[in-house]
Amino acid sequence: MNYALFFGCVIPTREPSYEASLRAVFKELGVDLIDLDKATCCAPIPIESLDFKTSLAIAAYNLSLAEEANINIMTICNGCFQVLSKANKTLKENETLRTDINKILAEVGREYKGTVDVVDYLQVLHNDVTPERIKENISKSLNKLRVAAFYGCHVLRPSSVLNFDNPEHPHILDDLIELTEAKSVQYMHKTKCCGGLLRGISDDLASKLARNKLFNISNSKADCIVTVCPFCFLQLDVGQLDVRRRFNETYNLPVFHYPELLGLAMGIDPEKLGLKTHRISTESVLKKIE
Amino acid sequence: MANTDIKIKETLRSSELEPNFAEEITKHPGGEKLYLCYQCGSCAGGCPVGKITNSYKPRQIIRMALLGIKNEVLSSDSIWLCASCYTCQERCPQEVEIADLMLAIRNIAAKEGHAPKAFVEQATSLIENGRIPKITGLTQRRRTSLGLPELSPAPADVVKKIAAITGFEQLMEKLKEEAKK
Chain A
1 MNYALFFGCV IPTREPSYEA SLRAVFKELG VDLIDLDKAT CCAPIPIESL DFKTSLAIAA
61 YNLSLAEEAN INIMTICNGC FQVLSKANKT LKENETLRTD INKILAEVGR EYKGTVDVVD
121 YLQVLHNDVT PERIKENISK SLNKLRVAAF YGCHVLRPSS VLNFDNPEHP HILDDLIELT
181 EAKSVQYMHK TKCCGGLLRG ISDDLASKLA RNKLFNISNS KADCIVTVCP FCFLQLDVGQ
241 LDVRRRFNET YNLPVFHYPE LLGLAMGIDP EKLGLKTHRI STESVLKKIE
Chain B
1 MANTDIKIKE TLRSSELEPN FAEEITKHPG GEKLYLCYQC GSCAGGCPVG KITNSYKPRQ
61 IIRMALLGIK NEVLSSDSIW LCASCYTCQE RCPQEVEIAD LMLAIRNIAA KEGHAPKAFV
121 EQATSLIENG RIPKITGLTQ RRRTSLGLPE LSPAPADVVK KIAAITGFEQ LMEKLKEEAK
181 K
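Protein sequences, first through last, are from chains A and B.
My numbering puts the first residue of the first sequence at 1, with every later residue one more than the last.
My numbering puts the first residue of the second sequence at 1, with every later residue one more than the last.
These are computed hints drawn from the structure, not numbers from a lab.
Check the hints yourself; a few may be wrong.
Claimed, not checked - Stretch-level coverage of chain A by chain B, calculated; a stretch enters the list once three of its residues show a Cβ under 8 Å from a Cβ in chain B: (1) 4 to 16; (2) 49 to 60.
What the hints assert, rightly or not - Some chain B residues flagged as far from chain A (calculated, every beta-carbon gap over 12 Å): (3) K9; (4) Y35; (5) C37; (6) L67; (7) P93; (8) E177.
C-beta atoms are modelled at their ideal positions from N, C-alpha and C, and glycine is treated no differently.
With the hints as extra help, turn the sequences into a complete structure.
Structure, rendered in structure tokens:
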């Protein structure tokens, strides 16, 4: 089992604990990850907002790297997953656009052929590695923990493109959390937006959306939040400092990237998982699972 | 962003409308199903941004686009307030791809010289570095401390070349000039 790892640009530059924990967990599970050395940014929604064709061409360039290696792309960022999946579907189905984009790619010595698929790492864990095999690797029960699963938008929607899970009532992340024997709690507006893409456009609205998420999660008496998307993580982790300043509300809810939670259940040293790089201390959770 | 509400006149004069605007949107990927909108408001009802501000009303933007109220839509800050959560797109009974339609309208707005500074800055960084966030000394130190290899620069020349061919680089220059005005 092997995949071309597409980790995007926010994770390796700003959230290295996500990358470190994912690599550690996948190594233990026996999944080979091949790095795409010549990858660029996926050209996400802010770029697509300004010029659709540029975004599509950059995404197609990155897809062509995996095609050359003849291996499916595995993303770990919701933004990359959505943009690359959407580009792949558009280019597979629309011959005119494919010809157009390939004219551009020829100038940088590449060609998009449409021979690979884009998958998210949760799908790899859930469908390929399988829950049974993950369970075999779990050495520590997290049964005292109440966890709020936080999917984010772009792993779920648009479902006609992504085919990930039910777009408004998903279960994959909840299932994966419960493999650690932690309780995945229900909370109000679970699949509503964190507001991440409004950062820099309207910080006021972005903070209000993040605050509403934190408010609903804290009402569910969760001990921590588990995210998939690096933008949701920023909104909820460092975002809690912003919420404290703007709304005078202190939540102190630790936020984990999913592979960090799984890593803890697999007995991996918290230092190695990089938990100290989080802005909201994870100590309360580490104490609870001692 | 300061001026987020769309200005609407009480009386619309047909001579001031641009009927080709809707057509222009439908030719853009994501905008094809614009004419199917029957104004039910499912988009606005489920919109998380609309719930906390009056400055973003997807149904209103679509209605204005259909009527051809072009300049008001393109110059408003409102079209940039969609958080692209795609809830509306999942729920639209007419399968109008509303979140993608907002992207289509933004593309047209950008060509007319309207775009938020934050997006233009991100695009500029992408053209210059091949990535949006920059690699800093702190990035490398944190990576090393976690046993990760130092991050190499991304092939910015590829992005720069693509951006030159599609006219994206020139578009960003134009948008930066507009922002100075």
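Hints, verified against the model:
no., hint, in the structure
1, 4 to 16, "holds (count 6)"
2, 49 to 60, "holds (count 8)"
3, K9, "holds (25 Å)"
4, Y35, "holds (19 Å)"
5, C37, "holds (17 Å)"
6, L67, "holds (23 Å)"
7, P93, "holds (14 Å)"
8, E177, "holds (15 Å)"
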